[in-house]
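K.L.:
So the protein lines, in turn, are chains D and U.
End of the first sequence = 413 in the UniProt record's numbering, gap-free, step of one.
End of the second sequence = 264 in the UniProt record's numbering, gap-free, step of one.
Fair warning: there could be bad hints in the mix.
With a straight-line cut-off of 27 Å between C-alpha atoms, the simulated DSS-like cross-links for lysine-lysine are [stated by the list, open to error]: (1) K81(U) / K138(U); (2) K161(D) / K146(D); (3) K399(D) / K372(D); (4) K174(D) / K146(D); (5) K186(U) / K245(U); (6) K388(D) / K245(U); (7) K195(D) / K161(D); (8) K133(D) / K228(D); (9) K81(U) / K174(D); (10) K138(U) / K149(U); (11) K89(D) / K146(D); (12) K89(D) / K79(D); (13) K399(D) / K277(D); (14) K366(D) / K149(U); (15) K386(D) / K399(D); (16) K399(D) / K186(U); (17) K149(U) / K133(D); (18) K386(D) / K372(D); (19) K133(D) / K81(U); (20) K202(D) / K186(U); (21) K186(U) / K174(D).
Derived Cβ-Cβ restraints for the label pairs, each shown as a range [unchecked claim]: (22) N39(D) / P100(U): 51 to 57 Å; (23) K149(U) / P343(D): 32 to 38 Å; (24) Y132(U) / Q48(D): 40 to 46 Å; (25) N148(U) / V382(D): 28 to 34 Å; (26) Y132(U) / D225(D): 28 to 34 Å; (27) R322(D) / H177(U): 39 to 45 Å.
Because the hints were derived from the structure by calculation, they are not lab data.
The structure displayed is predicted, hence computed values, not measured ones.
Glycine residues also receive a C-beta, built at the ideal position from the N, C-alpha and C atoms.
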Amino acid sequence: MKLQQQESAAEQQQGGEEQLPEDLLHHFEQILHDDPLINEVGFLHPTQFYSLDCPQDGDSASQPPEFHHTRCFWCRDHKLAISAEILPKLYHAARDAYCNARDAPLSPTHLLRHTKALLILCPDLLTAWNSRKMVLSAEYDFTKLKDELQLCALILSYSPKNESTWSHRRWVIKQVAEQHQDMLELIGNESILVKEIAEKSKMNYRAWRHRCWLIPYMTRKQVLDELKESTRWSELHVADNCCFHYRRSLLLALLDNRLRNGEDSLSWESEICLLWKEELRWDEMLIRRYQGRESLWNHRRFLSHWWIQHLLTVEENWPSTRSQMDMFVIQEIQLLSECLHDPVDEFGESRVQAELSALYILWITKQVPAVKGKLEERLHSVSMRKLKDVLAGACRPEKRFWMNLLGLADQSK
Amino acid sequence: MADEAELAADQHVRYIVTVEKVTSAATPPFPPRVPSTPPSAFQRPLLSSAQKKDSFESLVMEHIRLNGAYWGLTTLDLLHKLHAVDAAEVVDWIMSCYHPESGGFGGNVGHDPHVLYTLSAVQVLCLFDRLYVLDVDKVADYVAGLQNKDGSFSGDIWGEVDTRFSYIALCTLSLLHRLHKIDVQKAVDFVVSCKNLDGGFGAMPGGESHAGQIFCCVGALAITGSLHHIDRDLLGWWLCERQCKDGGLNGRPEKLADVRFTLL
Chain D
1 MKLQQQESAA EQQQGGEEQL PEDLLHHFEQ ILHDDPLINE VGFLHPTQFY SLDCPQDGDS
61 ASQPPEFHHT RCFWCRDHKL AISAEILPKL YHAARDAYCN ARDAPLSPTH LLRHTKALLI
121 LCPDLLTAWN SRKMVLSAEY DFTKLKDELQ LCALILSYSP KNESTWSHRR WVIKQVAEQH
181 QDMLELIGNE SILVKEIAEK SKMNYRAWRH RCWLIPYMTR KQVLDELKES TRWSELHVAD
241 NCCFHYRRSL LLALLDNRLR NGEDSLSWES EICLLWKEEL RWDEMLIRRY QGRESLWNHR
301 RFLSHWWIQH LLTVEENWPS TRSQMDMFVI QEIQLLSECL HDPVDEFGES RVQAELSALY
361 ILWITKQVPA VKGKLEERLH SVSMRKLKDV LAGACRPEKR FWMNLLGLAD QSK
Chain U
1 MADEAELAAD QHVRYIVTVE KVTSAATPPF PPRVPSTPPS AFQRPLLSSA QKKDSFESLV
61 MEHIRLNGAY WGLTTLDLLH KLHAVDAAEV VDWIMSCYHP ESGGFGGNVG HDPHVLYTLS
121 AVQVLCLFDR LYVLDVDKVA DYVAGLQNKD GSFSGDIWGE VDTRFSYIAL CTLSLLHRLH
181 KIDVQKAVDF VVSCKNLDGG FGAMPGGESH AGQIFCCVGA LAITGSLHHI DRDLLGWWLC
241 ERQCKDGGLN GRPEKLADVR FTLL
C-alpha cells in the first residue's frame with residue numbers, strides 16, 4: 001500500500017467518533033491555515049462525504065499540499081467539506097479553545113485562529129467577532145483587514161444573510177476609511193461581492209442594504225458607473241425589489257450636492273434630467289415586457305414623483321414649457337390604457353398589470369395633487385371613464401375594501 | 001370545549017418550560033470573566049436531555065438564549081401560566097448574563113453585551129415585576145451611551161447603526177423610566193430621516209422599506225409621542241399592499257407571505 005493510502009486508512013479507522021475534539025480542532029485549523037484561499041465551505045452528511053472523490057493511487061507524489069481527505073474533512077481546490085457528524089464536537093472544541101485564548105492576554109494569534117474556526121461553524125457569535133475587532137483595533141494593518149474581508153466573504157458564501165458578518169464587514173471598511181486610504185477599489189470590490197451574493201440569494205435585504213451603505217463612499221463617477229453597470233442585472237431580475245431600490249438610492253445620491261464636483265447647476269441639472277428621462281423610458285420598456293411586476297411599478301412611482309415635481313418647477317419658471325407636463329400626462333395615461341386592455345393570459349398577469357397600472361395613477365394623484373386634475377382629465381378624454389371606475393374595474397375585491405377604508409375611493413359606489 | 005382549550009394551553013406550557021430548561025441548562029458556554037454566584041438550578045445540566053442540548057442546531061443558537069427566554073416567557077404570560085417557572089431561577093440566570101462593568105446584558109452567560117439582549121433582559125424582569133434587582137441607572141446609562149450624534153443608536157460599542165436599535169433603546173429606557181437620559185428629539189429626527197417616499201421605513205436613511213423595520217420605527221415614534229411624523233395614509237397603503245393573493249402578508253414587494261409579518 002502506498003503511504004498516502006496507509007495514512008488515509010488509519011484516519012478512516014479512527015473515525016470522527018474516536019478522534020479527540022482537540023485533535024479535530026487542530027486538524028481543522030491546520031487546513032484553514034494551509035489554504036487561506038478557501039472560498040467555499042459545506043457541512044455534509046456522512047453519506048455525502050463518502051461520495052467525495054479520493055486521490056488516485058498513482059497521484060500521491062503529485063498531490064497538492066492543500067488536499068486533505070479524511071472521514072471528517074475534505075479540502076481541495078479551495079473547497080472545504082466538513083462531516084456533519086463531527087460538528088457538535090468540533091464546535092465545543094473551538095468554543096473551549098476560544099474561551100481559553102480570550103482569557104490569556106498575550107495570544108492574539110491564537111485568538112484569531114480559534115475565532116476563525118468558531119465563526120466558520122457559527123457566524124452568529126457576535127462575541128467572537130468582537131474579539132477579532134479587539135485584536136485588529138490594537139494596530140492598523142491593511143493586510144489583516146483584507147484577510148478579514150476574505151473571511152467574511154467565505155462565510156457569506158454559505159450564509160449570505162448573516163447579520164453579524166455583514167456588520168463586521170462594515171466595521172472593517174470603516175477602519176480603512178478612517179485611515180484615508182484610497183477607497184475606490186475597495187468599494188468597487190464590495191459592490192461586485194454583493195452582486196455575486198445577490199445572484200445566489202435573491203432579494204437579500206442585508207446584502208443590498210450593504211450595497212446602499214457603500215454609496216456615500218462612492219465618487220460621482222462610481223455612482224454613475226454603478227447605475228450603468230447594474231442596468232443589465234436589473235433587467236434580468238425584474239422581480240427583485242432590492243435592485244430597483246438600489247437604483248433609486250443611486251439616483252438620489254446624484255441629486256445630492258456632495259457629488260456635484262463644483263459643476264455649474266445648469267449642466268448638473270441637465271445631466272440629471274437626461275438620466276431620469278432615460279430611467280423612465282427604460283422602466284416603461286420593462287413594464288411592457290414583463291407584466292404584473294410590482295417592483296417595476298414601484299420604481300415608476302418614485303421616478304414619476306420626482307419628474308413631475310421637476311416639471312412643475314420648470315413650468316413655474318418658464319411657463320411656455322407647460323407642454324412637457326402635458327406630454328408626460330398623455331404618456332402615462334397611454335400606458336395605463338394599454339395595461340387595462342392587455343389580452344387576458346393564462347397566468348392572470350395581465351389582470352395584475354391592470355391593477356398595478358390603475359393603482360400607480362391613483363398613487364401619483366395622491367402624492368402630487370397638482371397633477372391630479374390633468375391626469376383625470378386626460379383619462380376621461382381617452383376612455384370616458386373616471387379614475388374611481390377604472391379602479392373599481394381593475395382592482396381585486398380586497399383592494400377595493402381597503403381603498404374604501406382609507407377613504408381613497410369614492411364612497412358613493 | 002373550555003377544558004379542551006385549557007388542555008391545549010397546558011400542553012403548550014409544558015413544551016415551553018421543557019424547551020427552556022433543556023436549552024438553558026447547558027453549562028455556560030463562555031466562562032464569565034467576572035466571578036459570579038454559583039450556578040443556579042436553572043443552569044444545572046439535565047442529564048436526560050444531553051442529546052438535545054448537544055445538537056448542533058441548539059449549540060449555534062446559544063448566543064440568543066436570552067431572547068429565547070423572553071419569547072418563551074411572554075408566551076407563558078399570555079397563556080396566564082407564568083407561574084409554571086420559578087421566577088427566582090429565571091431572574092438568577094438573567095442576571096448571570098449581566099455585565100456590571102458596562103451595564104449591558106449578553107445573549108448568554110459570558111457573551112458580550114448588546115442592546116438586543118439588554119432589552120430582552122429588562123422585558124423579562126418586567127414580566128416578573130423584578131426590575132428592582134437591577135442597577136437601573138447603570139443599565140440606562142449603558143443604553144443611553146450608545147446614542148450617536150445624529151440621534152441614531154448603535155447596537156453596541158462597535159458602532160453598527162440600525163433603526164431596530166433605536167426602537168430597542170427607546171423601549172428599554174421607557175420600561176426603565178429613564179428616557180430623559182437621551183436626546184429624545186434627535187432620536188426621533190433620526191428615525192424620521194429613515195422614512196422613504198413610499199411612506200415606509202428602512203434600517204438606515206435611504207434603506208429599503210421593510211415591514212420589520214417599519215414596526216420598529218413606528219414603535220419608536222409611538223413611545224416618544226411622535227406618530228404625527230408618519231403619513232398614515234401612505235404607510236397604511238404600503239402595508240395593505242403587503243397582502244398577497246393567498247391572504248397572507250409579506251414584508252416587502254414581490255416576496256412571499258410569512259406569518260411573522262402578520263404579527264408585525
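K.L.:
Determine for every hint whether it applies to the structure shown.
P.N.:
Here is how each hint holds up against the structure:
no.	hint	in the structure
1	K81(U) / K138(U)	31 Å, violated
2	K161(D) / K146(D)	21 Å, holds
3	K399(D) / K372(D)	21 Å, holds
4	K174(D) / K146(D)	12 Å, holds
5	K186(U) / K245(U)	40 Å, violated
6	K388(D) / K245(U)	22 Å, holds
7	K195(D) / K161(D)	14 Å, holds
8	K133(D) / K228(D)	36 Å, violated
9	K81(U) / K174(D)	47 Å, violated
10	K138(U) / K149(U)	21 Å, holds
11	K89(D) / K146(D)	30 Å, violated
12	K89(D) / K79(D)	21 Å, holds
13	K399(D) / K277(D)	31 Å, violated
14	K366(D) / K149(U)	35 Å, violated
15	K386(D) / K399(D)	18 Å, holds
16	K399(D) / K186(U)	37 Å, violated
17	K149(U) / K133(D)	23 Å, holds
18	K386(D) / K372(D)	12 Å, holds
19	K133(D) / K81(U)	42 Å, violated
20	K202(D) / K186(U)	35 Å, violated
21	K186(U) / K174(D)	23 Å, holds
22	N39(D) / P100(U): 51 to 57 Å	42 Å, violated
23	K149(U) / P343(D): 32 to 38 Å	57 Å, violated
24	Y132(U) / Q48(D): 40 to 46 Å	54 Å, violated
25	N148(U) / V382(D): 28 to 34 Å	53 Å, violated
26	Y132(U) / D225(D): 28 to 34 Å	59 Å, violated
27	R322(D) / H177(U): 39 to 45 Å	58 Å, violated
Hint compliance for this structure: hints 1, 5, 8, 9, 11, 13, 14, 16, 19, 20, 22, 23, 24, 25, 26 and 27 are not met, and every other hint is.
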